[in-house]
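Fit chain D to the given chain Y structure using the hints.
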Amino acid sequence: MLGNLEKIKQQFQEELNKVNSNAELEKIRVTFLGKKGLVTEQLKNLRDLTPEEKRTAGMQVNNLKNDIEQAIVEYQKTLEEKEYLQEINNAERYDYTIPCGKSPGTLHPITIVQKRIEDIFKTMGFIIEDGLEIQTEYNNFEAVNIPKNHPARDMQDTYYLDNGQLLKTHTSAAQNTIMRKYGVPKTGEPMKVLFPGRCFRNENIDASHENTFFQLEGMMIGDDISISNLIYFMKVLLSEVFERDVKVRLRPGFFPFVEPGFELDINCEICEGKGCTTCKHSGWLELLPCGMIHPNVLRMGGIDPERYTGFAFGLGLTRLAMMKYNIKDIRLFNSGNLKQLRQFTR
Amino acid sequence: MLISMNWISEFTDLSGVNIKELINRFTLSTAEVEDVYEMGKNIKDVVVGKIIEVNDHPNSKKLHLVKVDIGTEVVEVVCGAPNVFVGAVVPFAKLGGRVGDLEIKEVPIAGVVSRGMCCSEKELGISDDHSGLMIIEEDYPLGTDIKEFMQLEDIVFEVDNKSLTNRPDLWGHYGIAREIAALNKRPLKPLELADTSIYRSLPPIDLKVEDDKRIYRFSCITMDNISKKKSPINMRIRLTYCGMRPINLLADLTNYLMMEIGQPMHAYDNRKVKDIRVKTFSEPFDFLTLDGVTRRIDSDTLMICDIKEPIGIAGIMGGELSSIFYDTSSVLLESANFEGTGVRKSATRLGLRTDASSRYEKTLDPEMTVIAIERFMKLLMDIDPGVKVTSCLTDSYVKRYDKITVDFDKAYIDKYTGIDIPSDLMEETLTYLGFKVTRDGDKFSVVVPSWRATKDVTMKADIVEEITRIYGYDNFEINSTKSLLSPVRHSVERDNEYRIKIFLSDKYDMNEVHSYIWYETKMNKELGIVTEPNVRIVNSVTAENDTIRSTIIPSLLGFVYKNVDSNPEMGMYEIGRVADGLTEDGLCNERKRLGIVIASKVLSEKEVFFKLKEAVERVIMDIKNISPVFVENNEINKYNYVHAVNSAGIKLKDLEIGYLSILNPKIRNNIDKKLNVAFAEIDIDDMEKIDAMPLEYKEVSKYPGVTVDLSLLVDKEIRYETLSKYIDMYPCQYLDRYYLVDIFEDDRILQNKKSVTVRFEFVSMERTLESHEIQSMVDGLLAVLKSKNIELR
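Chains Y and D are the protein sequences, given in the same order. First residue of the first sequence: 6, per my numbering; consecutive thereafter. First residue of the second sequence: 77, per my numbering; consecutive thereafter.
Any given hint could be a false lead.
[As the list claims (entries may be wrong)] Per the computed footprint, the stretches of chain D lying under chain Y, defined by three or more beta-carbons under 8 Å from a beta-carbon of chain Y, are:
1. 487-497
2. 533-542
3. 568-575
4. 601-613
5. 633-647
[Claimed, not checked] Simulated crosslink set (DSBU-like; lysine-lysine; CA at most 30 Å straight-line):
6. Y:107 / D:750
7. D:583 / D:421
8. Y:344 / D:601
Keep in mind the hints are simulated off the structure, nothing from the lab. The C-beta atom is built at its ideal place from N, Cα and C for all residues, glycine as well.
So that you can see chain Y by itself, here it is in the shape it has in the complex (with noise of 0.2 Å):
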């Protein structure tokens, strides 16, 4: 008996050795430890034993049994590892340097600054406003206090249609509708409106000029809207805009639907309000034109100039895009050349 274990434990031993796989080695189990294995056989063969014997020899194969149970388990493991290593040693190695997808999609710069730019002011409590592109004269000149007759009707500078409408000059063509819309302003609650739009100007283009460009126009009216609130508006907006603590200058400017009308600069961040090439050695930039809204242009929106004030500022977003992005050539906006476009993927 004891000889038959010692020699199943050998013959274990030797076909564990050959094993290389999960399979072969379950087959091993099968062999020993299955229903007919040599280990199962030789419990069997306890019947025929005293009980004296029947306990030591029970002891000695239930010994075999467990160690052979645990060389299996233990095999198997060694087995996985095997299998792991091999799987990783095997694996096709993947050229993580190669350019994945297709370029992403861009939005066009304008849009870009743009709607950065309405985000701000949404959270100042402005409206976002649209307007029409192709207007009356009315609303594109006599609403804004631009009389026949002014050099601005030129012409040479608005595009007019053969059914007497143009197309907008600035964005100012939209005040006069803004302001029939929302009407007059509640006591304390002024009206703030942020409108965007596409202007043209009847010109040849180049590098530096543009028939179709943005602007951005902004106004608030109220019954209690200053000019040292507009200096506050510009100075905190601006700030945003720019990200940086920017100081505002306002000079003089004339621009018939304000009065009065001011030239706004900010510091030149550049140098630092030092004097440099860009602005001119004088430390500000001018930026933008604003005022308080003429009282004219009131009158006409139906808002009486003798109760109520407001304040207007336009922003050129065209330009504002190529202070961001260091456009050279204005032509870039309409090319629809995707080489230039693709690049503005934030």
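Leaving out everything else, chain D in the frame of chain Y:
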């Protein structure tokens, strides 16, 4: 415009004033100063010298050896000027001195040492005359520094002309001086004038204004016995510093007056011009202006004439034949005020914009004409005391501007400014600026001075500007508004635009483009795109692109063409405006349209088509939560780039909002035969008429569902939508949903049929369905389909 500080200081005291600071304040309060020049700093140790000996240079024919007496010594120099002569008194730059960029050192010139330099006017920077040495005619002791009698040192600043367009009063030094006086709070000196009343008894000039539409005032006078030809040196320096070229005394004086008080003047030779008629001509004619050019004068241009013929274009330029000559000693002096718009329009039509016309354009003050004449006479008589006045001041004041009085109170100003400017300060400021102020406490009544009353200052808001700009915007306390907290109306349509853009760019890798609002005619021709006639631009500088687009697609196809060589795959979109004809009231029917185009050499035409369809469907779903339907639309076949078969209208609820199409092969072949192109156009305004559906959550059954895939044999020409209608005809409460899995087509196996695999999902909310129930539902469905000639494959 260039402004000389020396000139300004004649009218207001600048002693002790920091000029740089003043110029900065001028920028902030009046008009933008673009540049500041310090003149004469680079002229040093130049003295009066007298040439006492001239000898030939041994080595040069052009050069001379010259001995110059400069009082303390006699210096030998080599001089190349052609006008050296013994006795000439000249500016002489001594050793160690400086003339412009040139430092004066002992240098050999052609072998002979020169110890100084005799100077020309150009070298001194006071004119462009380089014909020879400057000859000093006045009597100064030899060795006197020329700066003692020549105002070489000056600060000249350049004001941006654009910032003066609304200020007719600032087109001369006197007006600028008034501003500076107000900024410094120092008085403005009155102009020194000749008294013309003493000539009242002299005969008047025969003056008739025959066309009074374009003129306010015409003033003139005649003078004789003018003997001086050259202007005094300091007048010439000022003119040069201010950008004018000195010519002769009379011409210089008219220019000097224009630069001083802004009033253009013209001097006619009194030998030729004795009388004045101001009129227009009904027939166009040619006229020779004093720049030697013959110009066509039309019937809208006001002309100055004598009794026989035209002698000048009113407000623009005088005639060649009537102008003063070198030997002129008697003049008829014109000082007039013409209507600004008329002058501007005439100047534009003639293509001739002059210093005079650009001033008249600003609507000058007619009160200035006589003042200018009196100032001219004062200056002329100081220079040339022998001048004899030969007529009385003849003045035709055709039209007058209304006197403007503005009433306001402090409260109005306070509301406008948001700060508290004391009434006393307001009064002081306005008074300095020439307003006549009557005040009762905080109540003001001010009379606008004539030089501001031609268009510039008319109402209270204008007064606010006068007070605040002199107060200084830098001195404003800045405040936020006192407003209530109120919710902001959401701009849904603008939000949707951004959603569409971001959706197409992010999910479909498309590029947003912008194109022009007009058709690019050349491009369309090249691609064979035919567009409908539409509203047109009447005056475009690029005349061929005169038609406003009624659809956005041709612009996008043009971009496809531009990019096709370097881009085998493209996806572009634009949200832009078109004019879809006119509305009933004759205005353009402006629409906001979304145009999308997909083009590929990689994908098949069919793949491109369905990629576009998917993009369109999903972008609309994203915005509206409504599935659009695609329907037959024959109207779009009017566009010759639309594909007659593979195109469809896009319908949202009951409204057709656009279409999509494969590019017509004819146009495609003009772009690239191998390129597969599909495009869509959606009317955003129409789309926004349909409200978005709210999202509704549907309870999911607790019981398991059963899916059944059925491959159905369908006639090839039957669209999925039709099949879908047939399926819907079978009433089945447990059919939760069904959707297309696959379409298989193979003519060899299926002949005229296609196999459409549809997945049906059956579920009950109450229980688990039994298999026989499913079977009977499938059978029922198949029975309905069979009646439509559709069988299971």
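Here is what the structure says about each hint:
{"no.": "1", "hint": "487-497", "in the structure": "holds (count 5)"}
{"no.": "2", "hint": "533-542", "in the structure": "holds (count 6)"}
{"no.": "3", "hint": "568-575", "in the structure": "holds (count 3)"}
{"no.": "4", "hint": "601-613", "in the structure": "holds (count 3)"}
{"no.": "5", "hint": "633-647", "in the structure": "holds (count 9)"}
{"no.": "6", "hint": "Y:107 / D:750", "in the structure": "20 Å, holds"}
{"no.": "7", "hint": "D:583 / D:421", "in the structure": "55 Å, violated"}
{"no.": "8", "hint": "Y:344 / D:601", "in the structure": "25 Å, holds"}
Of the numbered hints stated above, the single one contradicted by the structure is hint 7.
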